[in-house]
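Kindly generate the complete structure, drawing on both the sequences and the hints.
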Amino acid sequence: MSAVEETVKDTIVKIVHCDREILTPKATFQDMKADSLDMVQALVALEDEFSIEIPDEDAQKFKTFGDFVTYIEKRVAEKKGNA
Amino acid sequence: MLKGKVALVTGSSRGIGRAIALKLAEQGADVIINYFRHGQAAEQTAKDVENLGVAAKVIKANVGDPEKLDEMFDTINSSFGRLDIFINNAASGVPHFALDLDTKGWNWTMDINAKAFLLGTQRAAKLMEGRGGKIVTVSSLGSHLVLPGYVAIGVSKAALEALTRYLAIELAPKDICVNTVAASLVTTEAGMLYARIAKEQLGESPSWQTTPAGRLVAPEDVANVVAFLCSEEAFMIRGQIITIDGGTTLVPFGFMSKGG
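So the protein lines, in turn, are chains W and S.
Start counting the first sequence at 0; every next residue gets the next number (numbering that gives the first Met the number 0).
Start counting the second sequence at 0; every next residue gets the next number (numbering that gives the first Met the number 0).
In short, the hints are calculated from the structure, not lab data.
No residue lacks a Cβ here, since even glycine has one placed at the ideal position from N, Cα and C.
Possibly wrong hints are sitting among the right ones.
Unchecked claim - Straight-line alpha carbon distances no greater than 30 Å define the calculated DSS-like cross-link-like pairs of lysine-lysine that follow:
(1) W:79 to S:103
(2) W:32 to W:79
(3) W:62 to S:46
(4) W:32 to W:73
(5) W:78 to S:56
(6) S:46 to W:78
(7) W:32 to S:56
(8) S:125 to W:60
(9) W:8 to S:46
(10) W:32 to S:173
(11) W:13 to S:59
(12) S:46 to W:13
(13) S:114 to W:78
(14) W:25 to S:56
(15) S:103 to W:13
To be verified - Computed footprint of chain W on chain S; a stretch qualifies when at least three of its residues, placed anywhere within it, have a C-beta under 8 Å from a C-beta of chain W:
(16) 34-47
(17) 154-165
Right, here's the structure in full:
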């Protein structure tokens, strides 16, 4: 498990109050029992955590926990590449 | 007209807040641009403000979080040491009907839309001490009309409007004018998103596709009125809710007859 995935997991558990174990790559927001407000708060927390900005049009494509992790890993890698 | 004034516009990365920031800058005010989620858009607003020949400062803060709101005012205090204009524009909300609304959605909406106005005004009034100031908040017709899935936001806007009246009287001896602008559907991303959600998810389409004035309200229409309320010409307007709706609320049942 990557460090990014660990951090995303920590953040989502903290905001959504779901069990850590259910956060598999295929876990949907319904599985997490997360509503749209949870998602906004999670996005903001992750933006702060990784110092990135996640545009709404990208965030709207996220369907699963795996989508979150893949996207953030990509953005973090891009950021490192640009540094 | 506003040369040398320092203005804070909450939620000014996009939409109505951005239009207000640009209008105040056009009139000579230095503008503090607050945002929560859209940093790149906030930076763009700041650039556009600076291109008008005034100073801009971007501050990220969720105004619904009292700690972050305080930090923002601390930054304003240390950077400018004063404030002349406070525009309480930032807004958010959950698009639910009353029976589906939970405490989390209610608190989120009330914190950002209503509580931030009270706490922000408490801090702003201190920065206006001895120099007077202008405070304008942005409401909507949902404060007194029933819009689909708008209950949380509508109630928060009603609180804003009541607060406006109390604050206008309480702050009058301090030479601070407090007023509200309330617009019908505005052609912003948020306004269009609400119209889409109302249609797709709630099964109800807002009847206001246009107004008797022939078009929907644009962000600049709201900004123009806000700028007037920030001018000395508006000195005797206190605690008022100024409706900007192209005449929509004057025409019940969708009638728009010409010449009566």
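Tested hints:
1. W:79 to S:103: This hinted pair is violated, its Cα atoms lying about 36 Å apart.
2. W:32 to W:79: 33 Å, violated
3. W:62 to S:46: Given that 30 Å is the threshold and the Cα spacing comes to 35 Å, the pair is violated.
4. W:32 to W:73: Measuring from Cα to Cα gives roughly 26 Å; hence the hint holds.
5. W:78 to S:56: OK: residue 78 of chain W and residue 56 of chain S at ~25 Å, within 30 Å.
6. S:46 to W:78: Cα-Cα ~23 Å, so holds.
7. W:32 to S:56: Status violated; Cα separation ~39 Å.
8. S:125 to W:60: 44 Å, violated
9. W:8 to S:46: 36 Å, violated
10. W:32 to S:173: It is violated: about 49 Å lies between the C-alpha atoms, which goes past 30 Å.
11. W:13 to S:59: The hint holds at about 22 Å.
12. S:46 to W:13: With a Cα-Cα distance of about 36 Å, the restraint between residue 46 of chain S and residue 13 of chain W is violated, given a limit of 30 Å.
13. S:114 to W:78: 37 Å, violated
14. W:25 to S:56: Violated - the C-alpha atoms of residue 56 of chain S and residue 25 of chain W are around 42 Å apart, more than 30 Å.
15. S:103 to W:13: Holds. Residue 103 of chain S to residue 13 of chain W sits at ~15 Å (cutoff 30 Å).
16. 34-47: Result for this restraint: holds, n = 5.
17. 154-165: Not satisfied, violated; 0 residues make the cut.
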